[in-house]
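Visitor: Whole structure, please, built from the sequences with the hints as guidance.
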Amino acid sequence: MVVIVLENVPKRLRGELSRWMLEVSTGVFVGSMTALVRDLLWEKCVEKKTAGRVCMMYRTNNEQGFEVRTHGDTTRVLVDFDGLTLVAVKNAEWQRIHAKRKKPKATENLEKANPESITQDSDTSEGANG
Numbered sequence: 535m536v537v538i539v540l541e542n543v544p545k546r547l548r549g550e551l552s553r554w555m556l557e558v559s560t561g562v563f564v565g566s567m568t569a570l571v572r573d574l575l576w577e578k579c580v581e582k583k584t585a586g587r588v589c590m591m592y593r594t595n596n597e598q599g600f601e602v603r604t605h606g607d608t609t610r611v612l613v614d615f616d617g618l619t620l621v622a623v624k625n626a627e628w629q630r631i632h633a634k635r636k637k638p639k640a641t642e643n644l645e646k647a648n649p650e651s652i653t654q655d656s657d658t659s660e661g662a663n664g
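Residues 535 to 664 in this note's numbering are what the sequence shown lists, from first letter to last.
Think of the hints as simulated: they come from the structure by calculation, not from any bench.
From the three backbone atoms N, C-alpha and C, an ideal C-beta is built for every residue, glycine too.
Any given hint might turn out to be false.
Stated by the list, open to error - Only pairs whose alpha carbons sit at most 16 Å apart, straight line, appear in this in silico EDC-like list of lysine to aspartate or glutamate:
#, residue 1, residue 2
1, K582, E627
2, K578, E550
3, K624, D607
4, K583, D607
5, K545, E581
6, K582, E550
7, K583, E550
8, K582, D607
9, K545, E557
10, K583, E541
Unchecked claim - Each pair of labels, with its calculated beta carbon distance range:
#, residue 1, residue 2, range
11, Q629, L570, 36 to 42 Å
12, Q629, T584, 24 to 30 Å
13, K582, A626, 31 to 37 Å
Guide: Here it is in structure tokens:
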């Protein structure tokens, strides 16, 4: 089973999808198809979408039993949390927390990648040697 949700996309894209799937509500399509057809429909949705958002859910063999794909609107982000797919909503609070986490990690990664460069620069400066 495959579910595709279209938001603020051209009507022609909804018309094309209705050839393959049932539109059970405005912009919500449901159908059964092979993985190849599913992937081709996804590519078509991404290609033909001029604005808005496309979201696809389909059954797969993982812990949750389904997979989610999104394209478009970036206010919602899929996050992998120990093998579970969660949806994070980007609001002011998310931006604040994410900004705090990014800065220390970047500093830590720089120090881990090249820990000697910071101490060598201060020890081997020309003022100290000459």
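Visitor: Assess, step by step, whether the Cα of K583 is no farther than 16 Å from the Cα of E550, and give holds or violated.
Guide: holds, 12 Å
Visitor: With respect to the beta-carbon atoms only, verify the hint that K582 and A626 lie 31 to 37 Å apart.
Guide: Check passed, 33 Å falls within 31 to 37 Å.
Visitor: That 36 to 42 Å hint for Q629 and L570 (C-beta), does it hold up?
Guide: holds, 39 Å
Visitor: Within 16 Å, alpha carbon to alpha carbon, are K545 and E557?
Guide: holds, 12 Å
Visitor: Need the status of pair K545, E581: alpha-carbon distance at most 16 Å?
Guide: With a Cα-Cα distance of about 14 Å, the restraint between K545 and E581 holds, given a limit of 16 Å.
Visitor: Are the Cα positions of K624 and D607 separated by 16 Å at most?
Guide: holds, 11 Å
Visitor: Holds or violated: are the alpha carbons of K583 and E541 at most 16 Å from each other?
Guide: holds, 10 Å
Visitor: Is the Cα-Cα distance between K582 and E627 16 Å or less?
Guide: It is violated: about 33 Å lies between the C-alpha atoms, which goes past 16 Å.
Visitor: Against the 16 Å threshold, does the CA-CA distance of K582 and E550 hold or violate the hint?
Guide: Holds - the C-alpha atoms of E550 and K582 are around 10 Å apart, at most 16 Å.
Visitor: Would the pair K582 and D607 pass a check requiring their Cα atoms to be no farther apart than 16 Å?
Guide: Holds. K582 to D607 sits at ~15 Å (cutoff 16 Å).
Visitor: Taking 24 to 30 Å as the stated bounds, is the beta-carbon spacing between Q629 and T584 within them?
Guide: For Q629 and T584 the Cβ distance comes to about 27 Å; the hint holds.
Visitor: Does K583 pair with D607 here, judged by a C-alpha cut-off of 16 Å?
Guide: holds, 11 Å
Checked against the numbered hints given earlier, the structure breaks only hint 1 and satisfies all the rest.
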